[in-house]
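Work out the full structure, taking the sequences as your base and the hints as a guide.
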Amino acid sequence: MQFMNHMTLGQYVPADSFVHRLDPRCKILATVALLAGVFLVTDLRLFPGWALLLVAVSALAKIPLSMVLRSARPVVFLVLITALIHVFLTKGDPLWRWGIFTITAEGVVMASRMALRLLFLVLFAGLLTLTTSPMELSDGLERLFAPLTPLGFPAHDLAMMMTIALRFIPTLLDETDRIMKAQLARGADLDRGNIVRRLRAFIPVLVPLFVIVFQRADDLATAMEARGYRGGKGRSRLNPLHWRARDGLALASVVALVVAGAAADRWLT
Amino acid sequence: MAEGFVSVLKGVRFSYPRTDTAALDGVDLEIRAGEWIALLGPNGSGKSTLAKHLNALLAPTQGVCLVCGRDTRDEKALEAIRRLVAMVFQNPDNQLVAAVVEEDAAFGPENAGLPPEVIRSRVDWALSVCGLSGKERSPVYTLSGGQKQRLAVAGALAMEPPCLVLDEATAMLDPQGRTEIMDVVADLNGRGMTIVQITHRLEEVVSCDRVAVIDGGVLRWQGTPLDLFALGPDLLATWGLETPPFIRLWQELCGAGLLDPAVPPSPKEVLDALCR
Ligand SMILES: Nc1ncnc2c1ncn2[C@@H]1O[C@H](COP(=O)(O)OP(=O)(O)OP(=O)(O)O)[C@@H](O)[C@H]1O
Ligand SMILES: [Mg+2]
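In the order they appear, the protein sequences are chains A and Z. First residue of the first sequence: 322, per my numbering; consecutive thereafter. First residue of the second sequence: -10, per my numbering; consecutive thereafter.
For the record, the hints were derived by calculation from the structure and aren't laboratory data. Misleading hints may appear alongside valid ones.
The calculated EDC-like cross-link candidates involving lysine to aspartate or glutamate, where the alpha carbons are at most 16 Å apart (straight line), are [said to hold, decoys possible]: (1) Z:Lys257 / Z:Asp204; (2) Z:Lys124 / Z:Asp113; (3) A:Lys412 / A:Glu427; (4) Z:Lys(-1) / Z:Asp14; (5) A:Lys554 / Z:Glu68; (6) Z:Lys65 / A:Glu427.
Written as structure tokens, this is what we have:
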């Protein structure tokens, strides 16, 4: 059940805060601005600024900092690898040498910069998904990409796909579980032997799953048609998005911060 | 809400693409405003095929199907027809679209492009009729099977259709869930909604106004539930229908003069008659 919660809500933490109440479009655009900022700023002396901003926004969103930091856990390994690669492969003044390994001053700076950039990237994106439900996210993305629809970009269809995926992933996980139990009851051996054997043992689970998925897709398409679905055209929403003054202000402040950061970076280097 | 609703099928024949046999073979049927009609037939008899004709998911290969005078083959009438006739299908898991209860109930009205306030009031009404008030923001996967099916009914109701078609909507539910749905349906019919209930279970037609028996794509018989039960198990068996023990018991009691055959069978009366 914990895992299922995970699928429908993503890592969304419902709370009544200023950040939660912002329009998802504002939060998506602000996140994009922040990600750009993280890449524009190169001077390490400015990075504490990002940390400060992260702490401030988490407080404003009433989300414990530990929870925000936890959202970076899946990429810790990637961050370390990135750092190691840059430490050892950047050329410059050698600080330390051992056999074929050399560490340079430039390498240390480069490694810290890359690792911190990656970390802040994930943390800011995490802040977005912690304060915005997947439904709001898909609504926001649909509206943001809507201007591209005349050019053939399927904004509505992608959003509808996301909605349906959110609806069906828990059901399909249930189904997989049920089929696996059925196969286990018939003596299938799903978790012994090497990877090839395990994959082969999984085929009897996948085949019925595929049959079920296609049957479901067919039924769902019929049901959607019966409920008057004709694509995104002429559709309205129960909870339409509202862009308010505070959304404009919040977005403008974030963009101003990013611009200031980039300017400070130019001036320092 | 049902004034003037009427659906007429005349000589409807239908074959699925790439098949030789006709799934419907000359069906004549009229569905009138405010009635509760049951379509009864064994597996593969063409019930679902007929149901899908009622809201233009399928169009007849021959003959005509009219919903309030609109031909279901007319592409331009599709939108109007779908608003007149809503459908609930067998598997609740295969017809709910959104991950959150109120979002799913709103799906139909959203497709119709109604303003948010109207959608909100319809969703609230539909959820309350189906006993789902208070669950508006719940994720769909946290609902029981019966609750999911009631949500499917709510989704259909939110379109405020004069006619509701239920295609074996209780078949996958436990007795508890089945009762929940049937109570909602009886309530809706009491408010004047036309109900087309598809089933292969004889005991589910007890409280409806009219039964149409379909077998092999042909309408074999039409009449009241009491007349149907009076036909006897042998004739029903030739149409692939099994008379459930409860109905048999009721017939025995009627035969023995312990119950009045003009009163529809109810578990309570059968129990009283047995105790006497
Ligand atoms: N998509 C399809 N393609 C081809 N043949 C079909 C299709 N759907 C149904 N049929 C055939 O049409 C006939 C009528 O099917 P239908 O689904 O209407 O029966 P039903 O009375 O609803 O049965 P059930 O009780 O199983 O739901 C059957 O012989 C069936 O095999
Ligand atoms: Mg059927």
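Structure-based check of all given hints:
no., hint, in the structure
1, Z:Lys257 / Z:Asp204, "violated, 32 Å"
2, Z:Lys124 / Z:Asp113, "holds, 10 Å"
3, A:Lys412 / A:Glu427, "holds, 7 Å"
4, Z:Lys(-1) / Z:Asp14, "holds, 11 Å"
5, A:Lys554 / Z:Glu68, "holds, 13 Å"
6, Z:Lys65 / A:Glu427, "violated, 70 Å"
The structure shown violates the earlier hints numbered 1, 6.
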